Each structure stands twice: as C-alpha cells, then as structure tokens.
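Colleague: If you want the building blocks of each chain, they are given just below.
Number of protein chains: 2
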Amino acid sequence: MKPLKVAMLGCGVVGTEVATRILGNAADLEARIGAPLEISAVAVRDAGKDRPGIPSELLTTDTAAAIEGADIVVELMGGHEPARELILTALRSGASVVTANKALLASDYSELLAAAEDAEVRLEHEAAVAGAIPIIRPVVNSLAGDRITRVLGIVNGTTNYILDQMEKEGWDFDHALATAQELGYAEADPTADIGGHDAAAKAAILASLAFHTRVSIDDVHVEGITGVTADMVETASAQGFTIKLLAICETIEDSPAGPGVSARVYPALLPKDHALASVGGAFNAVFVEAEAAGSLMFYGQGAGGAPTASAVLGDIVSTARRKVLGGTGQARRSIGNRLPVLPISAIRTRYQITFDVFDRPGVLAQISQVFAEEGTSIELMQQTQLEPTDDDAPQRAKLVIATHSGTDAALAKTVERAVALDAVNELKSVLRIEGH
Amino acid sequence: MKPLKVAMLGCGVVGTEVATRILGNAADLEARIGAPLEISAVAVRDAGKDRPGIPSELLTTDTAAAIEGADIVVELMGGHEPARELILTALRSGASVVTANKALLASDYSELLAAAEDAEVRLEHEAAVAGAIPIIRPVVNSLAGDRITRVLGIVNGTTNYILDQMEKEGWDFDHALATAQELGYAEADPTADIGGHDAAAKAAILASLAFHTRVSIDDVHVEGITGVTADMVETASAQGFTIKLLAICETIEDSPAGPGVSARVYPALLPKDHALASVGGAFNAVFVEAEAAGSLMFYGQGAGGAPTASAVLGDIVSTARRKVLGGTGQARRSIGNRLPVLPISAIRTRYQITFDVFDRPGVLAQISQVFAEEGTSIELMQQTQLEPTDDDAPQRAKLVIATHSGTDAALAKTVERAVALDAVNELKSVLRIEGH
Chain G
1 MKPLKVAMLG CGVVGTEVAT RILGNAADLE ARIGAPLEIS AVAVRDAGKD
51 RPGIPSELLT TDTAAAIEGA DIVVELMGGH EPARELILTA LRSGASVVTA
101 NKALLASDYS ELLAAAEDAE VRLEHEAAVA GAIPIIRPVV NSLAGDRITR
151 VLGIVNGTTN YILDQMEKEG WDFDHALATA QELGYAEADP TADIGGHDAA
201 AKAAILASLA FHTRVSIDDV HVEGITGVTA DMVETASAQG FTIKLLAICE
251 TIEDSPAGPG VSARVYPALL PKDHALASVG GAFNAVFVEA EAAGSLMFYG
301 QGAGGAPTAS AVLGDIVSTA RRKVLGGTGQ ARRSIGNRLP VLPISAIRTR
351 YQITFDVFDR PGVLAQISQV FAEEGTSIEL MQQTQLEPTD DDAPQRAKLV
401 IATHSGTDAA LAKTVERAVA LDAVNELKSV LRIEGH
Chain Y
1 MKPLKVAMLG CGVVGTEVAT RILGNAADLE ARIGAPLEIS AVAVRDAGKD
51 RPGIPSELLT TDTAAAIEGA DIVVELMGGH EPARELILTA LRSGASVVTA
101 NKALLASDYS ELLAAAEDAE VRLEHEAAVA GAIPIIRPVV NSLAGDRITR
151 VLGIVNGTTN YILDQMEKEG WDFDHALATA QELGYAEADP TADIGGHDAA
201 AKAAILASLA FHTRVSIDDV HVEGITGVTA DMVETASAQG FTIKLLAICE
251 TIEDSPAGPG VSARVYPALL PKDHALASVG GAFNAVFVEA EAAGSLMFYG
301 QGAGGAPTAS AVLGDIVSTA RRKVLGGTGQ ARRSIGNRLP VLPISAIRTR
351 YQITFDVFDR PGVLAQISQV FAEEGTSIEL MQQTQLEPTD DDAPQRAKLV
401 IATHSGTDAA LAKTVERAVA LDAVNELKSV LRIEGH
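Same order as they appear, the protein sequences are chains G and Y.
Just so you know, the working numbering puts the end of the first sequence at 436, numbered straight through with nothing missing.
Just so you know, the working numbering puts the end of the second sequence at 436, numbered straight through with nothing missing.
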C-alpha cells in the first residue's frame, strides 16, 4: 500500500517527540495502520536550526508547500493565526487534520468542524484536552448513546501543582508559584494557567462535545486561583475539603433562566473523599457523570512532551487507519445550538463564606437574619475567636458559613448584604463547594 | 436518510435497557448519527413473554430471520454457542456486530475479528471489559501510536466488593460472599467470579489488544480469591497493603524464556497509595502504563444493566455513524503472534510469604539461609509470637517475609524449600506484591 503522507506544522517539544516516534517506530506503525506513514515535511520558523532525530531535508519554512499533497496535517504551532488559516487550507485540500491547539478550538471549534465535515475529512484533537488522557474519544464515541449530565475536570496541571503544594506544604500562593516556575511546571508568564484561561478553553471544548451545544471560551465563566490564600487552604482542610481549580460543565434542567448548559472554571471546595480530591501534583483527571453509565473517571498526565505526543500519535494512527479503509469522513459530532449557555448567576451551587466579624452578642443572629431573608439556607456555621491585634481593639472572630445549595445570584446577593452589616469587619473569602 | 436496522439477539436486563433507550431517545440518536435507528427485531427465547417498553411485534424466536437485512446486530445472549455462529453469520451477511460477550471473545477473538475484517464490517465490544468504562477504545485508538507496557485492572466487581468488605468490616470470606449474594453483587453460582475466570476472560481481551498478540483465556494464569482469609487481609493492611484481585497484562523484555507477554489474574498485595488501591465496592478500574503517555487510569461501574447498556449504545452509535459516512470496515487491530505468551514461572514478581514457625533460636538464620541459597533477596522480615494453644505445645511465631523481585519459579522454589525445614510448622499464605 502506498505511504500516507504526514505534514507537520510546528516542531517544538511535542512535535519533535511525534516526529521521532513516527520515524523510529515505522514498522510497528505500519502493521497497526496497514500502510506506511511517511513524514513529507516539517514546517518550522527556522529551517536552518539543527533538530536531532529529524532529517534536515524534511524541514521547510514554506507551510503552504508542506500542506500540499499531505494526507494528514499535524498542527502543533499553537495560537490563533496562522494556525487557523492553515488548518482550514489543509481541510479544504482534502487532508485530515490532527491538532493539539486548545486555544484555537475553544474559539473556532464549530467553524473548523464544519469545514472538516464539508470536506469529508477528519479533525482530531485528543491532545487539546488533558494531554495523554483519552477523554475526547470516550465523550464523542463511547458515551455517544448515553446522556452526559456533568463533567468535572482538573485539566490544568500547573494550578493543580500549586494548590497541592499549598495544601501539603502550607506554602503561600507566591512561593508555590515560584517553585512551580523553577521546576518548569509553570511558564515565565503564568497568566493563562493561574488565571484559569487554559482550563476555560478545555471546558469550552468538553462542554461542546458533551452537550452537542456550541460553547466558546467567551461563554465560560472564569475565576483563577490568584486569590487563594494559605489561610483558605487551611480552613478548607480543617472542614474536610480540598481546594481544586475545577472545569465544570453541566446540563441544568430547572435554572431560573430555563434549561441550559453551564461551563465554568473556578477554585472550588471538593470533599476529600471525592475521586478528584486525591489527584495530586501536575496530574489531570476528568470525572464524567452520564445517565446510564453513572460516574466515570479518567486520570493521567495532562501535559508534557511525551504524553501529549502519545495523544497526537493516537489521532494520527486512527486517522490513517480510516484512510486505509476508505471512509475518511468526520464522524458526526452534531454540535448545534441545542441548549442555551446559562450565565453563572443562574447555576445552582453552594458557598463557603469566611467573614472577619466583631465578636459581640447578637452578631450571629444578625447575620443569620440576612441569610434567612434572602432564602439562603445555612448548613454549617463555625466561629473561632481571633487573637486581638492590640488591647484596645475590639474582640474579633473568624466566622465560616457553609450554605445549602442556591443559585449563584441569590448566594452572591446574600453575601453582599451580609458584608454591609455593622457586625462584619471584612469579607475574607467566598469559595463554591462542588462535587456533591 | 433511510433508517439503520438494528437487530437484537437476547433481551435480558442489558438488552431491555438498550432497546428502551433506542426507542425512547430516537430524535437525539438520529441527530448524533445522521440517520434514524430502527429496531428491526428482538430475538428472544420466549416471544410470548411480555416485555414492558418493547413492542411485542418486534419479538421473535427466529434468530436467522432477525439477522437478515440488519445493518447492526447486537448480541447480548452471552455464552459460546449459538452466540458464536450467529455473530459469524451476521458478519458474513454484511452486518456490523456489537457484543458484550466476554467469554466468547476471550476464546474466539481472532476468528471473529478476522471474519469482521474479511466482510469489511465492524465488531465492537466495549461492554465486554469493565462495563461502562471506555477502555477498549482508548487502548485500540487513543494509544494506537504509543507502546503499552502494562495493564493492571480491577475488572471484576463481585470480587472487589468481597475483598473490600473483608478489609473494611473484618469479615471472613464466606460471610462477605454471602452478603454479596444477598445484595445481588454475586450470582447464586459465584464460581466464574471468585475463581478469577471472569477477570481472566477480560485479561485475555485486554492483552490481545494492548500487545497486538493473540492471547486466549487458556493462556491466562488464573488464581481466584477463595483462599484469601481475614488473617491475610489484616496482615496485608498492617504492612501498608490492600489485597485486590488483579488482571495483569505485561510485556516483558528480559524473562528467562526471552521476550514475551504475560496475562495473569490473582489476588495480589497493592501498596495502599497506588491509584487502584482506593477503588472500592463493586467499582472497576484499569490502570494503563504506556511508553509515552505514562500512567493512565480509567474508573467507573464495571457491571449492571444501565452502565453496560451505555457501553453497548456507544458502540451502536459509533458503528451507525460510520455506516452513514460510508466507510464501514473494521479499523485494523493487527492482532498477530507478535510475541509469545510467557508462563507464570517466567514472570518477575515479589512474594509476601507468611509462615507459622517454631519460635526457637536459629530459626530465622535457617530460613534466611534457604533464601540466600536460592538467590531470593529479602526486603522485610517480621516475626510475631503466637499465643500458645496449650502449655505443653512448643512456642510458635508468625513470620512474614516480603521478598525483592524474582522470577515466579525461583520464588516458588524458595518457598518449597523453606516449607520443608524443621523450623517451619506450616505455610500460611503466599501472595504476590504488585504495583511498584
């Protein structure tokens, strides 16, 4: 059988790993595919730079020439343009595309998928969410006959490492971040990770696939972990919770805004006995709830050259197998506008609120009164005296309140009113409780 | 687009769930597939029996007529014959087949797969291993470009429930089994589960797919859990281990018998901090190690009507989507005779051996001497005095020895020689230590 031509766009850590594995495992891959894989070109910015393991004659700076005649185009450049244009060109030329570009998919997924369907070719992107963990294929295929109701994911290793170290070592955020940077778990500019934007891109892709509904990154409510303090981690732990940056995708039948889907990212309190709570270090895990399947969890390495390359290679091999069999088209993913995307205010959650209050008679009554008036039911209230800062200062206490479930809007309004009370010196933190 | 005809063979708990979901979610499924799914027949043993939710005109006892003209045949009868013949008939007639029949696949996988490839149709069986957990698709597709080195699975919920209860409640085996039977987790005849045969069937399928090598159930070394005592569970726990019935599939480069694959099932000691150790109750989990991907874990419900139906439906939908796109053929699974299957004697493992010894000077020296002569390195030795049964009886002790890694043959020989020593009153147990 004649070789299948693979053109690679971009050749950083992941690209080099992919290319050297294709070149080094040629016989195995041919046996698995039914035809040999041949790297026809590797498009890079600087073709003069030596890349160990990759024959220099494959290197080119001409992306258009690289795409031409390719059966499979592997896009590992990242970023929005020119990646988007190149992928569209490749799809229209009849090549299937494998990409790990989560940022692009999170904004332009429907357009790219439509282009693939029109051209009857495939667009695969297992590596774009949770690295080596096979999560796209289970959601798209294995659960295709089921109804997914919720996806809870730890999909950013950097923030998980930081939060994990804060809990285990008692470090503050800055120290944990600096250590993550030293160890290479966090980039020099960590904004995309710690701001939650990387997780939000993945949430958009997961929600689109799980709920057959167009969800772009702009639809995802995002809060990062920069506001998480050592004190918050300690309070959480004392109450049996661990703080995790969660990507949450849910279908909601009965929100005040009607039925819809929610996609959101924020640091949340997770009960320590939840399956996701023990996911430590830079690992990723995705917890899926489906009507018939029940709870499923997928766990593994969410980043890194080799794990990401494994996911890219899996996509290349399954696309190549399909080419060999003849049916090259994109399996239907039916992403439409099945349900509206709900605003954060309409979703139901639980709050853990920490106040710094003046420790005098009637304070709890006053605060409880506000909660009652707003219809926010209290599950737990815990008050601890604070050490006085000086003798003349009024005695203060730390008051932690965990609510029962309510809409985010109602809970936020309750907090806003409580903060305005004389009895409250300061609002220390608000965290949502998830995973029940 | 014209409807795709689905014929069902067998309609027990899983079949009923599959049929009612196809009938009840018709519009959703059509949107996901691109064509309507139509149940053309449901072949059952007794067509007169009323089956709520399934129109009686679909029921038939004529399996041949049910298969004829079907696009997809769903085999949920179980057992060897007539399931095997019917699947072969269906494949040869040009229908794709979805099955959950692990016993059949474990013995006749290569033949069935070859028939599917010859007929250019698909044979899908996600439900045959670990129920709702998508494990087949990740192994076959997601990791298709990687090299899987090891699969460790808890793939039988009944035995996991029993061992879990023995550890948590301190129950003995018989009481835990009886409770499992009362709760419906274990069958009236529990042999296939507690004897390890059900897990062995799954190990054969997983090893075949993971290592592209024909492994049948007869190649799998099987030990069940009937010999596990409350005392063994307690000893394990005290040393930081939990006992799990593991299905282990490995590639081994350097066994005494040369390179090969191993597929085996036995109760093993797993360190309590291993990801599989916390898989409790009737849940299943599969831990996969691959060269590039690193460690991955898949967790969920391994049995039950709805979870199994979810996996069957996923297979039906992805097969149907493929039909709509035209390329109906079976993606290449390339199961050949790439590597020999190694006997248990050639695989490397670690032993935890518990002896009942006479407590007198020189006993440890004598036993250590045997281990040294056999080249079996001791990692840990722990001796505890036993309460004397009567005043005249010689003082005895419980001696627990954990070895470093060695071939199973060498470890077994060491135990055999040690047992023959005068100092040893009785061999209490031998368990392998896995997960390092």
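Since the hints were made in silico from the structure, they are not lab data.
It is possible that some hints are incorrect.
Said to hold, decoys possible - Footprint (simulated), chain G over chain Y, 3 or more residues, beta carbon under 8 Å: (1) 89-103; (2) 141-155.
Claimed, not checked - Below, simulated SDA-like cross-link-like pairs (lysine to any residue); rule was C-alpha separation at most 20 Å, straight line: (3) 398(Y) / 364(Y); (4) 398(G) / 422(G); (5) 5(G) / 80(G); (6) 272(G) / 345(Y); (7) 272(G) / 364(Y); (8) 413(Y) / 400(Y); (9) 5(Y) / 28(Y); (10) 428(G) / 227(G); (11) 272(G) / 275(Y); (12) 398(Y) / 281(Y); (13) 168(G) / 275(Y); (14) 168(Y) / 192(Y); (15) 5(G) / 103(G); (16) 272(G) / 277(Y); (17) 5(G) / 34(G); (18) 168(Y) / 218(Y); (19) 168(G) / 273(Y); (20) 413(G) / 359(G); (21) 168(Y) / 275(G); (22) 272(Y) / 386(G); (23) 168(G) / 238(G); (24) 428(G) / 363(G); (25) 168(Y) / 35(G); (26) 5(G) / 35(G); (27) 272(Y) / 34(G); (28) 168(G) / 227(G); (29) 398(Y) / 408(Y); (30) 272(G) / 384(Y); (31) 398(Y) / 359(Y); (32) 413(Y) / 396(Y); (33) 428(G) / 386(G); (34) 272(Y) / 277(G); (35) 413(Y) / 359(Y); (36) 428(G) / 326(G); (37) 5(Y) / 49(Y); (38) 5(Y) / 38(Y); (39) 398(G) / 275(G); (40) 272(Y) / 227(G).
On a predicted model such as this, the values are computed, not experimentally measured, just so you know.
All residues carry an ideal CB built from backbone N, CA and C; glycine is no exception.
Colleague: So, for every hint listed, does it hold in this structure?
Modeller: The hints, checked one at a time:
Given a C-beta distance limit of less than 8 Å, the hint that chain G covers the segment 89-103 of chain Y is violated, as 0 residues qualify and 3 are needed. For the segment 141-155 of chain Y, the assignment as covered by chain G holds, since 7 residues bring a beta-carbon within under 8 Å of that chain's beta-carbons and 3 suffice. Proposed proximity of residue 398(Y) and residue 364(Y) is supported: the alpha carbons are some 12 Å apart, at most 20 Å. With a C-alpha separation of about 15 Å, the suggested pairing of residue 398(G) with residue 422(G) holds against the 20 Å cut-off.
Between residue 5(G) and residue 80(G) the CA atoms are separated by roughly 25 Å; this puts the pair beyond 20 Å, and the hint is violated. Proposed proximity of residue 272(G) and residue 345(Y) is contradicted: the alpha carbons are some 42 Å apart, above 20 Å. At roughly 43 Å between alpha-carbon atoms, residue 272(G) and residue 364(Y) are farther apart than 20 Å, so this suggested pair is violated. Taken as a hint, the residue 413(Y) and residue 400(Y) pair is honoured in the structure, with Cα atoms around 17 Å apart against an allowance of 20 Å.
This hinted pair checks out: residue 5(Y) and residue 28(Y) have alpha carbons roughly 17 Å apart, not beyond 20 Å. Between the alpha carbons of residue 428(G) and residue 227(G) the distance comes to roughly 10 Å, so the proposed pair stays at or under 20 Å and holds. A distance of roughly 15 Å separates the Cα atoms of residue 272(G) and residue 275(Y); the hinted pair therefore holds under the 20 Å criterion. Between the alpha carbons of residue 398(Y) and residue 281(Y) the distance comes to roughly 30 Å, so the proposed pair goes past 20 Å and is violated.
The straight-line distance between the Cα atoms of residue 168(G) and residue 275(Y) is roughly 18 Å, inside the 20 Å bound, and the hint therefore holds. Taking the CA atoms of residue 168(Y) and residue 192(Y), the gap is about 24 Å. The hint is violated against a cut of 20 Å. This hinted pair does not check out: residue 5(G) and residue 103(G) have alpha carbons roughly 26 Å apart, beyond 20 Å. This hinted pair checks out: residue 272(G) and residue 277(Y) have alpha carbons roughly 16 Å apart, not beyond 20 Å.
Distance hint between residue 5(G) and residue 34(G) is fulfilled; the C-alpha atoms sit about 14 Å from each other, no more than 20 Å. The straight-line distance between the Cα atoms of residue 168(Y) and residue 218(Y) is roughly 34 Å, outside the 20 Å bound, and the hint therefore fails. For the hint linking residue 168(G) to residue 273(Y), the alpha-carbon distance of about 16 Å falls within 20 Å, and the restraint holds. Between residue 413(G) and residue 359(G), the direct Cα distance comes to roughly 24 Å. Violation of the 20 Å bound is thereby established for this hinted pair.
Distance hint between residue 168(Y) and residue 275(G) is fulfilled; the C-alpha atoms sit about 18 Å from each other, no more than 20 Å. With a C-alpha separation of about 39 Å, the suggested pairing of residue 272(Y) with residue 386(G) is violated against the 20 Å cut-off. Distance restraint check for residue 168(G) and residue 238(G): the Cα-Cα separation of roughly 13 Å lies within the 20 Å cut-off, and the hinted pair is therefore satisfied. This hinted pair checks out: residue 428(G) and residue 363(G) have alpha carbons roughly 17 Å apart, not beyond 20 Å.
For the hint pairing residue 168(Y) with residue 35(G), the CA-to-CA distance comes to about 53 Å; that exceeds 20 Å, so the pair is violated. Our distance criterion of 20 Å between C-alpha atoms is met by residue 5(G) and residue 35(G), whose separation comes to about 10 Å. Taking the CA atoms of residue 272(Y) and residue 34(G), the gap is about 43 Å. The hint is violated against a cut of 20 Å. At roughly 18 Å between alpha-carbon atoms, residue 168(G) and residue 227(G) fall within 20 Å of each other, so this suggested pair holds.
At most 20 Å may separate the alpha-carbon atoms for a hinted pair to count; residue 398(Y) and residue 408(Y) exceed this at roughly 23 Å. For the suggested pair residue 272(G) and residue 384(Y), the alpha carbons sit about 35 Å apart, so the restraint of at most 20 Å is broken. For the hint linking residue 398(Y) to residue 359(Y), the alpha-carbon distance of about 9 Å falls within 20 Å, and the restraint holds. Restraint check for residue 413(Y) and residue 396(Y): the C-alpha separation of about 24 Å exceeds 20 Å, so the hint is violated.
For the given pair, residue 428(G) sits about 13 Å from residue 386(G) by alpha-carbon distance, which is consistent with the 20 Å threshold. Between residue 272(Y) and residue 277(G), the direct Cα distance comes to roughly 16 Å. Compliance with the 20 Å bound is thereby established for this hinted pair. Restraint check: the Cα-Cα separation between residue 413(Y) and residue 359(Y) comes to about 24 Å, which exceeds 20 Å; the hinted pair is violated. Restraint check for residue 428(G) and residue 326(G): the C-alpha separation of about 61 Å exceeds 20 Å, so the hint is violated.
The suggested pairing of residue 5(Y) with residue 49(Y) is violated, with an alpha-carbon distance near 23 Å, which exceeds 20 Å. Distance hint between residue 5(Y) and residue 38(Y) is fulfilled; the C-alpha atoms sit about 5 Å from each other, no more than 20 Å. Straight-line distance between C-alpha atoms of residue 398(G) and residue 275(G) comes to about 30 Å, which puts the hinted pair past the 20 Å bound. Taking the CA atoms of residue 272(Y) and residue 227(G), the gap is about 34 Å. The hint is violated against a cut of 20 Å.
Hint violations for this structure: numbers 1, 5, 6, 7, 12, 14, 15, 18, 20, 22, 25, 27, 29, 30, 32, 35, 36, 37, 39, 40, all remaining hints satisfied.
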